[in-house]
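As you go down the protein sequences, you meet chains W and B in turn. Using the numbering used here, you'd call the opening residue of the first sequence number 3 and step up by one each time. Using the numbering used here, you'd call the opening residue of the second sequence number 3 and step up by one each time.
In short, the hints are calculated from the structure, not lab data. Keep in mind that a hint or two might mislead.
Identical chains share a label here; the pair holds if one copy fits it or two copies do between them.
Dumping the calculated DMTMM-like pairs for lysine to aspartate or glutamate here, alpha-carbon to alpha-carbon at most 20 Å [as the list claims (entries may be wrong)]:
(1) Lys276 <-> Glu354
(2) Lys283 <-> Asp11
(3) Lys84 <-> Asp338
(4) Lys280 <-> Glu111
(5) Lys278 <-> Glu87
2 protein chains.
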Amino acid sequence: MLTVVEALDAITSVVAPGPVESVPLAEALGRVLAERVDSDIDSPPFDKSLMDGFAVRATDVATGTARLVVVEEVTAGEVAEKSLETGQAIQIMTGAPIPDGADAVVRIEDTEVEIDQQQTLVRIDTRPVTTGQDMIQQGTSMRRGDTVMPAGRRLRPQELGLLAELGQHTLSVHRQVTVGVLATGDELVAIDRQPQAGQIRNSNESMLAAQVRASGAVARELGIARDNPEDLAAKIREGLDCDILLLSGGVSAGRLDLVPEQLEAAGVTEVFHKVKLKPGKPLWFGTSKDAIVFGLPGNPVSSMVCFELFVRTALRRLAATDPATPCPTAARLACDFEFRGDRPTYFPGRLENQPDGPRVTPVNWHGSSDLRSTADANSMIHFPAGNQLYQARQWVEVHEWAGRA
Amino acid sequence: MLTVVEALDAITSVVAPGPVESVPLAEALGRVLAERVDSDIDSPPFDKSLMDGFAVRATDVATGTARLVVVEEVTAGEVAEKSLETGQAIQIMTGAPIPDGADAVVRIEDTEVEIDQQQTLVRIDTRPVTTGQDMIQQGTSMRRGDTVMPAGRRLRPQELGLLAELGQHTLSVHRQVTVGVLATGDELVAIDRQPQAGQIRNSNESMLAAQVRASGAVARELGIARDNPEDLAAKIREGLDCDILLLSGGVSAGRLDLVPEQLEAAGVTEVFHKVKLKPGKPLWFGTSKDAIVFGLPGNPVSSMVCFELFVRTALRRLAATDPATPCPTAARLACDFEFRGDRPTYFPGRLENQPDGPRVTPVNWHGSSDLRSTADANSMIHFPAGNQLYQARQWVEVHEWAGRA
Chain W
3 MLTVVEALDA ITSVVAPGPV ESVPLAEALG RVLAERVDSD IDSPPFDKSL
53 MDGFAVRATD VATGTARLVV VEEVTAGEVA EKSLETGQAI QIMTGAPIPD
103 GADAVVRIED TEVEIDQQQT LVRIDTRPVT TGQDMIQQGT SMRRGDTVMP
153 AGRRLRPQEL GLLAELGQHT LSVHRQVTVG VLATGDELVA IDRQPQAGQI
203 RNSNESMLAA QVRASGAVAR ELGIARDNPE DLAAKIREGL DCDILLLSGG
253 VSAGRLDLVP EQLEAAGVTE VFHKVKLKPG KPLWFGTSKD AIVFGLPGNP
303 VSSMVCFELF VRTALRRLAA TDPATPCPTA ARLACDFEFR GDRPTYFPGR
353 LENQPDGPRV TPVNWHGSSD LRSTADANSM IHFPAGNQLY QARQWVEVHE
403 WAGRA
Chain B
3 MLTVVEALDA ITSVVAPGPV ESVPLAEALG RVLAERVDSD IDSPPFDKSL
53 MDGFAVRATD VATGTARLVV VEEVTAGEVA EKSLETGQAI QIMTGAPIPD
103 GADAVVRIED TEVEIDQQQT LVRIDTRPVT TGQDMIQQGT SMRRGDTVMP
153 AGRRLRPQEL GLLAELGQHT LSVHRQVTVG VLATGDELVA IDRQPQAGQI
203 RNSNESMLAA QVRASGAVAR ELGIARDNPE DLAAKIREGL DCDILLLSGG
253 VSAGRLDLVP EQLEAAGVTE VFHKVKLKPG KPLWFGTSKD AIVFGLPGNP
303 VSSMVCFELF VRTALRRLAA TDPATPCPTA ARLACDFEFR GDRPTYFPGR
353 LENQPDGPRV TPVNWHGSSD LRSTADANSM IHFPAGNQLY QARQWVEVHE
403 WAGRA
């Protein structure tokens, strides 16, 4: 049986980065950039005022007080016509280019304008003014030709703002992946139906489709496949049109666990079956010519955990995200916790921000079928195999789940 | 001038929770639940096997070994017809109901089946079996009538899975808010245009619209309003059709900062103007009969910071999220950092998960117009007013930004 690390390695070796497409910047939130972006501009593109006030020569206001002749006004979007001489000031707005000859800005709050006969004067009374005050020099943020963003970057609002500044109105990104979700089992009924004796509602489809969407991929709900070869084979064929097919259920050791054999019959080659973890041991993983297939365990918490650890790794790998494997964080345990288990366990936890750092509380979890407790959780605590009494305030490894509260 | 806390209080007092609508569960990811959900079922709905194996009476296998007569087989979705007597076992699949008379499950790996004349026998060889082993009792996760989810909960995959289990196929959620984004300024050009001398591209629209979408709201891009009363008034009228209108620029002290007066002329009443923080001091906030309006500063990092602190608070309040105000976390500084400033400052930082807990590095930030450095950041460090040398490994307050890398 593979360890979690071996299983993750197997996934990253088998899955290759997927195809690329162009999208308008306004639709690129959450997508992954497929090529490096270099700057075609200096930013700021010119020496720029950071304040509304007056552009001056710092030497004229070295003492902090001065009385200067206002020779022009320049607003954002304009360029001053005059060059500033000693004894002169140009009124300037935030974002406007610093006029030639000026090397500092005095903000308007520290000035008073006087109309004296034919000329306008500004009286300045402030602290000593130094060169560069309240302005930013051309190219301070970036220079033409700088690499400003590497390929593989997931595009957040700040990346989109920066790419807009660079005029990158169309972006080359990794194509959004389509993930089919197929729940299997004779005990399942649709969520709008009343379960009869021995039946439960198909919660996995809703949960997995939401995990897919929270990961930035497109979910396709394929309904319920019954525990017979014909129905399973037909729905698997439909699902193999997706980039990734997720099945839940039917991968354990039971007589009706038909998923592995029907997947192989459909041309999906097993890469591994079973991983040493809890919950999620029965996980099956394989690939066909065009699709990546995960046979997830049927219990909802097992499915959820396997998605977060393994399916998300495949999704990151398809988008060429580096690293593709999970990046856990750490937090202090909120309470003593007695862990008992012979497999590495991913235990639902509630990670909270505290003034002295992150704190995680194991929730009152009743095992792999207990979905309710996961709604109190936002992460999973990784406990290595072996019974151990963990102490309150001890640091533990935590994996945050997709989609925050 | 208001403090940040006073400004946040003003927003939460003025903004009231918004209207409610019904949506199908499959479209509810990220939405906020508008009413409490109680369970109409026990979960599990019956005593349930957690393993493929054999349902037994624990007393029959108290030593760990036994040879029992297999009287039936029950798969998931079925109910056993027989009641289990002493000396008998019923073969059972994961998820299937525990037959009457049985009180434990022995997993298939610890069994061997023998066909002995007319009857099927199972030979068990394992550790002593105790009552309740490898099964879960009806109602362990939740009982009919339990409140399983409060109103105000943001719906993540695990909530959607749980609500699906409860048959809540249609959900009452807060209506998605529409947020108009209107950049102002004569210096701005569209992102697909080449800026001329003194001009810059309109990066704020792309950035703010992405922040809106990352917050789960609908963004409407309204283009650029020029620095004249007519254009501004017309675009403001259009924007007031949205639930929230964001303007950027035109709120400082400059002669062309026309936004406050044009907003008032359009029937928007000022609640506050200017907040003691950096960047973002010129922030303007007001309300009209139907809309909430933020006049954000024109510099992109100021806009971004004000969105994260103030606009997101309004969005949370509209969705009745409790608390609506920001929930900062804490992290250790990665390096010594000399802070100089007379206003509380929200400094772009890179928050990283380390094995010993979260660590934050102030990025090389050149002020409110420097969008580039924010692409290296994922959060902002809150430094109170006052020059201070912060030590590496010192805990600081950190606000995570929407949209993770």
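Hints and how they fare:
1. Lys276 <-> Glu354: neither (32 Å within a copy, 32 Å between copies)
2. Lys283 <-> Asp11: Close inside one copy (17 Å), not across copies (49 Å); limit 20 Å.
3. Lys84 <-> Asp338: Neither: 72 Å inside a copy, 44 Å across copies.
4. Lys280 <-> Glu111: So Lys280 and Glu111 pass the 20 Å test across copies only (17 Å; inside, 64 Å).
5. Lys278 <-> Glu87: neither (77 Å within a copy, 36 Å between copies)
In the structure shown, a violation is registered for the earlier hints numbered 1, 3, 5, in ascending order.
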